[in-house]
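Visitor: If you read the sequence shown in this note's numbering, its first letter stands for residue 564, the second for the next number, and so on.
If you're looking for bench data, these hints aren't it; they were derived computationally from the structure.
Please read all numbers here as calculations on a predicted model, not as lab measurements.
Be careful, since some hints might not be right.
[As the list claims (entries may be wrong)] Under the rule of at most 30 Å between Cα atoms (straight-line distance), these lysine-lysine pairs were calculated in the DSSO-like manner:
#1 Lys-669 with Lys-577
#2 Lys-565 with Lys-586
#3 Lys-567 with Lys-669
#4 Lys-574 with Lys-669
#5 Lys-577 with Lys-567
#6 Lys-586 with Lys-669
#7 Lys-565 with Lys-669
#8 Lys-586 with Lys-567
[To be verified] Distance windows between CB atoms, simulated:
#9 Thr-671 with Asn-587: 17 to 25 Å
#10 Ile-628 with Ser-573: 24 to 32 Å
#11 Lys-586 with Arg-631: 19 to 27 Å
#12 Lys-574 with Gly-652: 41 to 49 Å
#13 Ala-647 with Leu-576: 34 to 42 Å
#14 Ile-572 with Gln-624: 48 to 56 Å
#15 Leu-616 with Lys-565: 39 to 47 Å
Cβ coordinates follow ideal geometry from the N, Cα and C atoms, glycine included.
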Amino acid sequence: LKLKIEEAISKGLKRVLVSLDLKNAHNAFNRRGAQEAIGTLAATDPSLRPLVLAHHAISSQFNPIYVRSASSGNGLRYLCESCAGGGQGNALTNTIFPTAINDALKSTERD
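Please model the complete structure; the sequences and the hints are all you need to start from.
Guide: Now the structure itself:
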């Protein structure tokens with residue numbers, strides 16, 4: 564990042580460089596929005612159709628989330644249902660998250 568900034572300055576280039584650090588990004592993206600984004604891409608690139616089906620399969624369940632609890636009989640306490648983001652350790656999340664934010668990034672780049 565620093566090298567790109569230095570290069571632009573030394574060459575007199577008028578550019579804007581944006582670095583994103585989205586806190587908890589993989590756990591917080593909108594699943595429905597991601598599904599729509601993947602579907603839109605698959606409409607123009609049929610090789611992505613399996614990704615549409617795979618994401619639907621892994622994101623349509625609202626799995627329970629538990630936290631440790633010393634006061635419960637089994638050592639766990641129900642916290643909530645998982646309804647956003649990708650599954651912990653799921654390899655597809657690394658592909659799906661950038662797809663979900665692609666349009667926002669591209670529109671920012673155009674503007």
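Visitor: Each hint needs a verdict: does it hold in this structure or not?
Guide: Here is how each hint holds up against the structure:
Taking the CA atoms of Lys-669 and Lys-577, the gap is near 18 Å; set against the 30 Å cutoff, the hint holds. Simply put, Lys-565 and Lys-586 have alpha-carbon atoms about 21 Å apart, close enough for the 30 Å limit, and the pair holds. Note on Lys-567 and Lys-669: the hinted pairing holds, with a Cα-Cα distance of about 19 Å set against a maximum of 30 Å. Between Lys-574 and Lys-669 the CA atoms are separated by roughly 25 Å; this keeps the pair inside 30 Å, and the hint holds.
Under the criterion of a C-alpha separation no larger than 30 Å, the hint pairing Lys-577 with Lys-567 is consistent with the structure, at around 12 Å. Among the hinted pairs, Lys-586 with Lys-669 is consistent with the structure: their alpha-carbon atoms are about 20 Å apart, no more than 30 Å. Restraint check for Lys-565 and Lys-669: satisfied, since their Cα atoms lie roughly 22 Å apart, inside the 30 Å limit. Distance hint between Lys-586 and Lys-567 is fulfilled; the C-alpha atoms sit about 24 Å from each other, no more than 30 Å.
Taking 17 to 25 Å as the suggested C-beta distance range, the pair Thr-671 and Asn-587 conforms, at roughly 21 Å. The supplied range of 24 to 32 Å is broken by Ile-628 and Ser-573, whose beta-carbon atoms lie about 50 Å from each other. Evaluation of the 19 to 27 Å hint for Lys-586 and Arg-631 yields a pass: the beta carbon distance comes to about 23 Å. Between Lys-574 and Gly-652 the beta carbon distance is about 43 Å. The supplied range of 41 to 49 Å therefore holds.
In this structure, Ala-647 and Leu-576 meet the distance hint of 34 to 42 Å, their C-beta atoms being roughly 38 Å apart. A hinted range of 48 to 56 Å for the beta carbons of Ile-572 and Gln-624 is consistent with their spacing of about 50 Å. Against the hinted window of 39 to 47 Å, the Cβ-Cβ separation of Leu-616 and Lys-565 comes to about 41 Å, which satisfies the hint.
Violated hint: 10 only; the structure is consistent with all others.
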